[in-house]
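J.: Knowing the structure of chain A, use the given hints to seat chain B on it.
Now for the letters of each chain:
2 protein chains.
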Amino acid sequence: MSKHLTKREDDYSKWYNELVVKADLAENSAVRGCMVIKPYGFAIWEKMQAELDRMFKETGHENAYFPLFVPKSLFEAEEKNAEGFAKECAVVTHYRLQNDPDKPGKLRVDPEAKLEEELVVRPTSEAIIWNTYKGWIQSYRDLPLLINQWANVVRWEMRTRLFLRTAEFLWQEGHTAHATKAEAISEAKQMQEVYATFAEQFMAMPVIKGSKSDSERFAGAEDTLTIEALMQDGKALQAGTSHFLGQNFAKAFDVKFTSKEGKQEHVWATSWGVSTRLIGGLIMTHSDDNGLVLPPKLAPIQVVIVPIYKGEEQLEAISEKVNVFVKELRAKGISVKFDNRDTFRPGAKFAEYELKGVPVRIAIGKRDLENGTVEVARRDTLEKQTINQVDVSDFVSNLLEEIQENLFTKAVDFRTANTTSVDTFDEFKEAIKNKGGFVSAHWDGTEETEDKIKEITKATIRCIPNDAKEENGVCVFSGKPSSKRVLFAKAY
Amino acid sequence: MSKHLTKREDDYSKWYNELVVKADLAENSAVRGCMVIKPYGFAIWEKMQAELDRMFKETGHENAYFPLFVPKSLFEAEEKNAEGFAKECAVVTHYRLQNDPDKPGKLRVDPEAKLEEELVVRPTSEAIIWNTYKGWIQSYRDLPLLINQWANVVRWEMRTRLFLRTAEFLWQEGHTAHATKAEAISEAKQMQEVYATFAEQFMAMPVIKGSKSDSERFAGAEDTLTIEALMQDGKALQAGTSHFLGQNFAKAFDVKFTSKEGKQEHVWATSWGVSTRLIGGLIMTHSDDNGLVLPPKLAPIQVVIVPIYKGEEQLEAISEKVNVFVKELRAKGISVKFDNRDTFRPGAKFAEYELKGVPVRIAIGKRDLENGTVEVARRDTLEKQTINQVDVSDFVSNLLEEIQENLFTKAVDFRTANTTSVDTFDEFKEAIKNKGGFVSAHWDGTEETEDKIKEITKATIRCIPNDAKEENGVCVFSGKPSSKRVLFAKAY
Chain A
1 MSKHLTKRED DYSKWYNELV VKADLAENSA VRGCMVIKPY GFAIWEKMQA
51 ELDRMFKETG HENAYFPLFV PKSLFEAEEK NAEGFAKECA VVTHYRLQND
101 PDKPGKLRVD PEAKLEEELV VRPTSEAIIW NTYKGWIQSY RDLPLLINQW
151 ANVVRWEMRT RLFLRTAEFL WQEGHTAHAT KAEAISEAKQ MQEVYATFAE
201 QFMAMPVIKG SKSDSERFAG AEDTLTIEAL MQDGKALQAG TSHFLGQNFA
251 KAFDVKFTSK EGKQEHVWAT SWGVSTRLIG GLIMTHSDDN GLVLPPKLAP
301 IQVVIVPIYK GEEQLEAISE KVNVFVKELR AKGISVKFDN RDTFRPGAKF
351 AEYELKGVPV RIAIGKRDLE NGTVEVARRD TLEKQTINQV DVSDFVSNLL
401 EEIQENLFTK AVDFRTANTT SVDTFDEFKE AIKNKGGFVS AHWDGTEETE
451 DKIKEITKAT IRCIPNDAKE ENGVCVFSGK PSSKRVLFAK AY
Chain B
1 MSKHLTKRED DYSKWYNELV VKADLAENSA VRGCMVIKPY GFAIWEKMQA
51 ELDRMFKETG HENAYFPLFV PKSLFEAEEK NAEGFAKECA VVTHYRLQND
101 PDKPGKLRVD PEAKLEEELV VRPTSEAIIW NTYKGWIQSY RDLPLLINQW
151 ANVVRWEMRT RLFLRTAEFL WQEGHTAHAT KAEAISEAKQ MQEVYATFAE
201 QFMAMPVIKG SKSDSERFAG AEDTLTIEAL MQDGKALQAG TSHFLGQNFA
251 KAFDVKFTSK EGKQEHVWAT SWGVSTRLIG GLIMTHSDDN GLVLPPKLAP
301 IQVVIVPIYK GEEQLEAISE KVNVFVKELR AKGISVKFDN RDTFRPGAKF
351 AEYELKGVPV RIAIGKRDLE NGTVEVARRD TLEKQTINQV DVSDFVSNLL
401 EEIQENLFTK AVDFRTANTT SVDTFDEFKE AIKNKGGFVS AHWDGTEETE
451 DKIKEITKAT IRCIPNDAKE ENGVCVFSGK PSSKRVLFAK AY
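Protein chains in written order, with our numbering: chain A, 1 to 492; chain B, 1 to 492.
So that you can see chain A by itself, here it is in the shape it has in the complex:
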């Protein structure tokens, strides 16, 4: 396989697919639509998990684990949720294989081992969890119930892409129960805020916070809050959602509590999730034609040190220096890899770490030893600089912060340059067609208009931004009055 990537401007989609595989992040598996997350890709997910988990716990949530399977009778209990997921779910019907009498050495489903009730492999866990909450919630004293689960889920998507849309994916799903509507709404907003903070501060990926229109809402929710990011090809990515579920699941599963006043009331609910899709967003926000670009805060390896040497003796002298850097950097909590493999030449190593997006590369050779210097290269701008050995740990530590900030600033600038405010449908079509990006436009609030705009332009309403100002205008499509601009884009 060639080390060279297709260029983004030639074929963005091909560039993405090649990058994911060549940077050792993930690959397709023998199971249609399911991916294998390779160690380097999984290490990014582990870093994401660690930060998110910390943020969830800081906001009072605890982890738990609920079954993979949802019995059909529970799955169908909340009607809209069932309708939304029935079309794309994996169904377990049997619990045994047996030798196939017609084909020696082959197995077949044992017809006598048919389940009385089919089991759906969870596409999301509201049903199984709310059926459980029924037993956990009796009184207002049991509320709020603030639970999160890290799990795999399955949605039988027909068109899949590594990380962005896969039949099985990893995610976390928060499921909370509250005594009042106001409290549930405030929880849903809080988690949208947590997601936005994570996206911006750790992924260096700016997001627009908003709520979904009726047609894009989660099946079974009253309101879906979202964070929307803009990818380099001008398409939007829904990066995380937080749902206010009203009393829909409480009613479907009959979950009531006795209030302080002694009244029986249905519980109010939220659910919220982000998934391995975030890795796709991370890639498409920062990476370039040379490969992956990772923000330091989520990079499995933040600094790689490559020795340039001839012979064992030079390597030893270099290693002695490097061990000092490694120690100093690790003392600052920086993850460092010293790549002293003798099976690869420095040039090959440089290319590998560039492809894998390691934020900072340090090279040190014979002349550096003599001069007391090292060469530092940053992945984001590809700039190189020679610095004194005594400055290494401070310099690198500052540089990592600078890279993190620079990536965020660049992404914000890109989004600003690719957000267009339009007032007519011609402008709208032009904007979507020419450069894509976010298009801010007045909309009459109807699903009909939304559908027609989608049909004509492929753009959908990504969200009604939280900070949308009241502004009198007319819908770009129907000309009917509108009081707010919403954000349109083509989307992943």
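One or more of the hints may lead you astray.
Copies of the same chain look alike in the list, so a pair counts if it fits in one copy or across any two.
[Said to hold, decoys possible] With a straight-line cut-off of 20 Å between C-alpha atoms, the simulated EDC-like cross-links for lysine to aspartate or glutamate are:
1. Lys80 to Asp100
2. Lys181 to Asp451
3. Lys484 to Glu447
4. Lys87 to Glu112
5. Lys327 to Asp223
6. Lys14 to Glu27
7. Lys337 to Glu62
8. Lys103 to Glu83
9. Lys103 to Glu471
10. Lys263 to Asp142
11. Lys235 to Glu46
12. Lys256 to Asp10
13. Lys106 to Glu200
14. Lys337 to Asp451
15. Lys103 to Glu79
16. Lys106 to Asp254
17. Lys80 to Glu200
18. Lys47 to Glu58
19. Lys87 to Asp110
20. Lys87 to Glu117
21. Lys106 to Glu88
22. Lys134 to Glu27
Keep in mind the hints are simulated off the structure, nothing from the lab.
As the structure is a prediction and not an experimental result, all values here were calculated from the model.
T.: Same frame as chain A, now just chain B:
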């Protein structure tokens, strides 16, 4: 639900089931044989995971993620493995539900959405992983491949018990590939050692390291190494296994590498796993008739502080003191909970934390304020002691270590007292029947004898201990010559 537990001597099995539920560890779900792991139980699993994950990484392993589903054709590729798991696997046959025309509001499997090839929900991942490794391994340079996965697996067990045997459980599975047989064997041994260290140093659960007899070996393995623990009711628990897989999977999936000498050879493999079953072992090793007893190193809450007060003013004065303790203890890395809920009385709180196995409880009331003291109670021995407030952090820190050691010593003593060496089959039967425990006996090495002994006594060979001495003797059952004693027990 009564707070009182059945006593262990009255009904050990009932005591266990009640304890798991009452201590808020787990409960049965709406899905046959699948459990819900509640936040308190899951917090123990998270602690286990963190330590194990660290140990795996320290021994050079990386995490990755492979698909939940195994296509039938891959599942059946390694014949023995397939045979071992075919009888108890969940099979996905369809990918869609539709409205049931006969039952309004109900769903049914869409007969047109039948999969061309059935998918088995992984009972273990050798097949899907070795099919992937085929693409990853070409040369000796790609070896060793040292990978671990944290995942859920499903085995359709007919008789299930919370944590000990459930249809779905959480585990980690390591899957490694090596250039030589010797290296693979040494990896399998290393991981047995890692498991034993974890069991003894963190769970305070002594284990016997050994290998399995042919009949108890993992389906598809050449050799299964095990760690075996003894529960309080005299039954053994297989707590972790590490398999030397030979070239079985490499041959089944045609995974070859080019050696340094340029020859094409099949790869050598291991796999190894521990699961949420460990939580069952933890419970049954230490807990008592009052509830759970947790070793400090795995306790989600190591210290709980309960204020004993009348009125807001006293609580404030106490809280001021407690905040100092909390700060001091946390600075030492100790997890502390200050339970100042006003909805429960101190007695109820004491009972709750006893049931939940919190290692150290500190109580502080009005008189303590006056005397500059607190009352410290340890969960393992139920002893209480009054100490000076200035000593709290040092005292508690030492006490936690002491409790950890004491639990291990007690468990070792129990095992010693419940291990019997026998030379005749009468003695054997007597030992198994009267007190259970481990029975060390000579065995002729045949499966036939093993089966007969099992039929008569229900005891199985738990392992051939690693440290079994060469010793001439005769099989307790057949009288045939034997050179080693093996360990029998009834087992979970």
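J.: So, for every hint listed, does it hold in this structure?
T.: Structure-based check of each hint:
1. Taking the closest pair of Cα atoms, lysine 80 and aspartate 100 come within 20 Å of each other only across two copies (16 Å); inside a single copy the shortest separation is 40 Å, beyond that limit.
2. With identical chains, the CA atoms of lysine 181 and aspartate 451 are never at most 20 Å apart, being 31 Å at best within one copy and 62 Å at best between copies.
3. Taking the closest pair of Cα atoms, lysine 484 and glutamate 447 come within 20 Å of each other only inside a single copy of the chain (16 Å); across copies the shortest separation is 78 Å, beyond that limit.
4. For a Cα distance limit of 20 Å, the shortest separation of lysine 87 from glutamate 112 across copies, 12 Å, qualifies, whereas the shortest one inside one copy, 27 Å, does not.
5. In this homomeric assembly, lysine 327 and aspartate 223 never come within 20 Å of each other (Cα to Cα): the closest approach is 50 Å inside a single copy and 41 Å across copies.
6. For a Cα distance limit of 20 Å, the shortest separation of lysine 14 from glutamate 27 inside one copy, 14 Å, qualifies, whereas the shortest one across copies, 47 Å, does not.
7. Within a single copy, lysine 337 and glutamate 62 get their C-alpha atoms only as close as 34 Å, which misses the 20 Å cut-off; across copies the closest is 15 Å, which meets it.
8. For the identical chains of this complex, lysine 103 and glutamate 83 are inter-copy neighbours only, at 15 Å across copies versus 39 Å inside a copy, given an alpha-carbon limit of 20 Å.
9. Taking the closest pair of Cα atoms, lysine 103 and glutamate 471 never come within 20 Å of each other, the shortest separation being 71 Å inside a single copy and 49 Å across copies.
10. Only within a single protomer do lysine 263 and aspartate 142 lie at most 20 Å apart by alpha-carbon distance; the minimum there is 15 Å, versus 66 Å between protomers.
11. In this assembly of identical chains, lysine 235 and glutamate 46 lie within 20 Å of each other by CA distance neither inside one copy nor across copies; the values are 26 Å within and 38 Å between.
12. Taking identical chains as interchangeable, the C-alpha atoms of lysine 256 and aspartate 10 are never at most 20 Å apart, the minima being 57 Å within one chain and 37 Å between chains.
13. Within a single copy, lysine 106 and glutamate 200 get their C-alpha atoms no closer than 52 Å, and across copies no closer than 43 Å, so neither meets the 20 Å cut-off.
14. For the identical chains of this complex, lysine 337 and aspartate 451 are neighbours neither inside a copy (51 Å) nor across copies (53 Å), given an alpha-carbon limit of 20 Å.
15. With identical chains, the CA atoms of lysine 103 and glutamate 79 are at most 20 Å apart between copies only, with a shortest distance of 14 Å across copies and 43 Å within one.
16. Taking the closest pair of Cα atoms, lysine 106 and aspartate 254 come within 20 Å of each other only across two copies (18 Å); inside a single copy the shortest separation is 46 Å, beyond that limit.
17. In this assembly of identical chains, the alpha carbons of lysine 80 and glutamate 200 never lie at most 20 Å apart, being 33 Å within a copy and 50 Å across copies at closest.
18. With identical chains, the CA atoms of lysine 47 and glutamate 58 are at most 20 Å apart both within one copy (17 Å) and between copies (17 Å).
19. Proximity of lysine 87 to aspartate 110 under the C-alpha cut-off of 20 Å is restricted to the inter-copy arrangement: shortest distance 9 Å between copies versus 26 Å within a copy.
20. When the C-alpha separation of lysine 87 and glutamate 117 is checked against a cutoff of 20 Å, the pair qualifies both within a copy, at 18 Å, and between copies, at 19 Å.
21. Taking the shortest Cα distances, lysine 106 and glutamate 88 sit within 20 Å of each other only across copies (16 Å), while inside one copy they are farther apart (28 Å).
22. Taking the shortest alpha-carbon separations for lysine 134 and glutamate 27, only the inter-copy value of 13 Å comes in at or below 20 Å, while the best intra-copy value is 40 Å.
Of the hints listed earlier, those the structure fails to meet are numbers 2, 5, 9, 11, 12, 13, 14, 17, in rising order.
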